[in-house]
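*Asks:* Chain residues, written in single-letter form:
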Amino acid sequence: MEKRVTFHERWLPYLLVAPQMIITLVFFFWPSGQAIYQSVLIEDAFGGNSKFVFLDNFIHLFNDDSYFASVRLTVVFSFLVATIGLAVSLLLAVMADRVIRGATAYKAFLVWPYAVAPAVAGVLWGFLFNPSVGIVAWMLQGIGIEFNYVTNGNQALTLVIIAAVWNQISYNFLFFLAGLQSIPKSLIEAAAIDGAGPGRRFWDIIFPLLSPTGFFLLVINIIYSFFGTFGVVDALTKGGPGQATNILVYKVYNDGFRGQDLGGSSAQSVILMIVVIALTFVQFRFIERRVHY
Amino acid sequence: MVENRPFLTVLSHLVVLLGVAIIAFPVWMTFVASTHSQQTMLQSPIPLLPGPYLFENYKQVLTEGYGRVGSTAVTMTLTNSLIMALGVALGKIAISIISAFAIVYFRFPGRMYIFWAIFVTLMLPVEVRIVPTYGVVANLGMLDSYGGLIIPLIASATATFLFRQFFLSVPDELTEAARVDGASPMRFFWDILLPMSRTSIAAMFVIQFIYGWNQYLWPLLITTKESYYTVVMTVSRQANVVDSVPAWNLLMAMAMLAMLPPVLVVVFMQRQFVRGLVETEK
Numbered sequence: 001m002e003k004r005v006t007f008h009e010r011w012l013p014y015l016l017v018a019p020q021m022i023i024t025l026v027f028f029f030w031p032s033g034q035a036i037y038q039s040v041l042i043e044d045a046f047g048g049n050s051k052f053v054f055l056d057n058f059i060h061l062f063n064d065d066s067y068f069a070s071v072r073l074t075v076v077f078s079f080l081v082a083t084i085g086l087a088v089s090l091l092l093a094v095m096a097d098r099v100i101r102g103a104t105a106y107k108a109f110l111v112w113p114y115a116v117a118p119a120v121a122g123v124l125w126g127f128l129f130n131p132s133v134g135i136v137a138w139m140l141q142g143i144g145i146e147f148n149y150v151t152n153g154n155q156a157l158t159l160v161i162i163a164a165v166w167n168q169i170s171y172n173f174l175f176f177l178a179g180l181q182s183i184p185k186s187l188i189e190a191a192a193i194d195g196a197g198p199g200r201r202f203w204d205i206i207f208p209l210l211s212p213t214g215f216f217l218l219v220i221n222i223i224y225s226f227f228g229t230f231g232v233v234d235a236l237t238k239g240g241p242g243q244a245t246n247i248l249v250y251k252v253y254n255d256g257f258r259g260q261d262l263g264g265s266s267a268q269s270v271i272l273m274i275v276v277i278a279l280t281f282v283q284f285r286f287i288e289r290r291v292h293y
Numbered sequence: 001m002v003e004n005r006p007f008l009t010v011l012s013h014l015v016v017l018l019g020v021a022i023i024a025f026p027v028w029m030t031f032v033a034s035t036h037s038q039q040t041m042l043q044s045p046i047p048l049l050p051g052p053y054l055f056e057n058y059k060q061v062l063t064e065g066y067g068r069v070g071s072t073a074v075t076m077t078l079t080n081s082l083i084m085a086l087g088v089a090l091g092k093i094a095i096s097i098i099s100a101f102a103i104v105y106f107r108f109p110g111r112m113y114i115f116w117a118i119f120v121t122l123m124l125p126v127e128v129r130i131v132p133t134y135g136v137v138a139n140l141g142m143l144d145s146y147g148g149l150i151i152p153l154i155a156s157a158t159a160t161f162l163f164r165q166f167f168l169s170v171p172d173e174l175t176e177a178a179r180v181d182g183a184s185p186m187r188f189f190w191d192i193l194l195p196m197s198r199t200s201i202a203a204m205f206v207i208q209f210i211y212g213w214n215q216y217l218w219p220l221l222i223t224t225k226e227s228y229y230t231v232v233m234t235v236s237r238q239a240n241v242v243d244s245v246p247a248w249n250l251l252m253a254m255a256m257l258a259m260l261p262p263v264l265v266v267v268f269m270q271r272q273f274v275r276g277l278v279e280t281e282k
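Chains as they are written, first to last, in this note's numbering: chain A, 1 to 293; chain B, 1 to 282.
Be aware that one or more of the hints could be misleading.
[Unchecked claim] If you want the footprint, here are the derived chain A segments under chain B, 3+ residues with CB under 8 Å:
(1) 72-81
(2) 87-93
(3) 173-183
(4) 202-216
(5) 239-253
Honestly, the hints are just simulated from the structure, not real lab data. By construction, the Cβ of each residue, glycine as well, lies at the ideal position given by its N, Cα and C atoms.
Based on the sequences and whatever the hints tell you, model everything.
*Replies:* Now the structure itself:
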């Protein structure tokens, strides 16, 4: 889309875009270029000297079992975060859409977790499940489950997933609710007159009409679980115990800052960049389609 | 409502109420923990109802901090978070509204390149390119400064697109009228476009304020001096101090204070918040 009426000035537009362009160049293009550049170098452990190694860092990465363990973990993790998050928020949105009395109040009570920082969300859930004082851990013990996320890898992963889903529920809920409210009431009424019950109406009318929203949220949730969950992981488990919660974005940070393996970390950054670009592309293709929907 | 099914209505209320209860539970327990003494918080099971130490705990974290050696008073970390959140939100809005103005209202060579250069920034979150970005900021000598905390985060395609979208919907007649009356482009921007963008600006502000306040990895990396610590990173850092049992009552009081400002912003500016969320994804 373009404007028909525009202003004619020679230098003003450049002046106006200058602040954003300078910041983008310095803090975006320069570091991204550096990531690509460093990914083909090996840096001397004692600093200074670096050597051009072409794709060695990538080959090394692809032969590294712990990298593939992290890839597998990230796929499982984002699948679970996305599906559980979407299922729970869809249920809540459908139910909240049904009730007339108190709907606004419910909405107010469901939107605020979005405002809680992922790192703080991690601390909160860590407290609930803390092996010595956590109230939920204590209740679980009462029914015979030893919950110790500090030592048990699967339980650590479960807890990170719960915290990550909790943090993202309000976002999904709001989009589902908006989607539900944009479905014409006449469609639902027509189906009801034809004798379709609530379950039938949901699966045959509401669910298909919501699928664009659902697909959009799926992509957003995958992106979120890939990158937005850094704070949750760092506050709860720091990637441990062992490698049990060491998802890709955490591994980039761990290898780069703790392990001081700049080349390896940059190679991982480059791979992650490709993943986000692909996901963003999918998202935009889809949005374009939705416009013609 | 299409038909009257009392059973289903009751069920809906129950499900939503249960959902609200589960979602609120962690915060309730955090609040409860922040109102007890340290001794109470060491024995399991911990109480489910608030205790009498509310004022003592909050007073201590606000004035003295967490009580360990080298801990910072929360008033200071809260101030830093506020500076960072406002800086990020206002900075983003300022630079993206003028660049959107340039992209929509002017034809100039290189316009499409600039548009695409901004567009690609949409794709890479700071977490992905964290190591080199840290290197750039270190080279520029911006570690341990508010500039280092704020400026690298304010280049944002989302805000630019939101304003671009809005400007495209502004009727051309307004621009024509302004031109006929002899208004300069900047005059048009200040007197017509900016006042019209109020709601978009408010929506953007809510989203970006939360984004800035909740930053974690970035302040964690570039601050080494306590006088620049933000509240979110302090909470997580103190929770993870190795080899010691955290003072849960104080830690949770800190967590409550870290959550309160962005949650209040969302609750009291809910309309703008929802609008901002939905519009930035268009």
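*Asks:* Please go over all the hints and tell whether each is borne out by the structure.
*Replies:* Structure-based check of all given hints:
| no. | hint | in the structure |
| --- | --- | --- |
| 1 | 72-81 | violated (count 0) |
| 2 | 87-93 | holds (count 3) |
| 3 | 173-183 | holds (count 3) |
| 4 | 202-216 | violated (count 1) |
| 5 | 239-253 | holds (count 3) |
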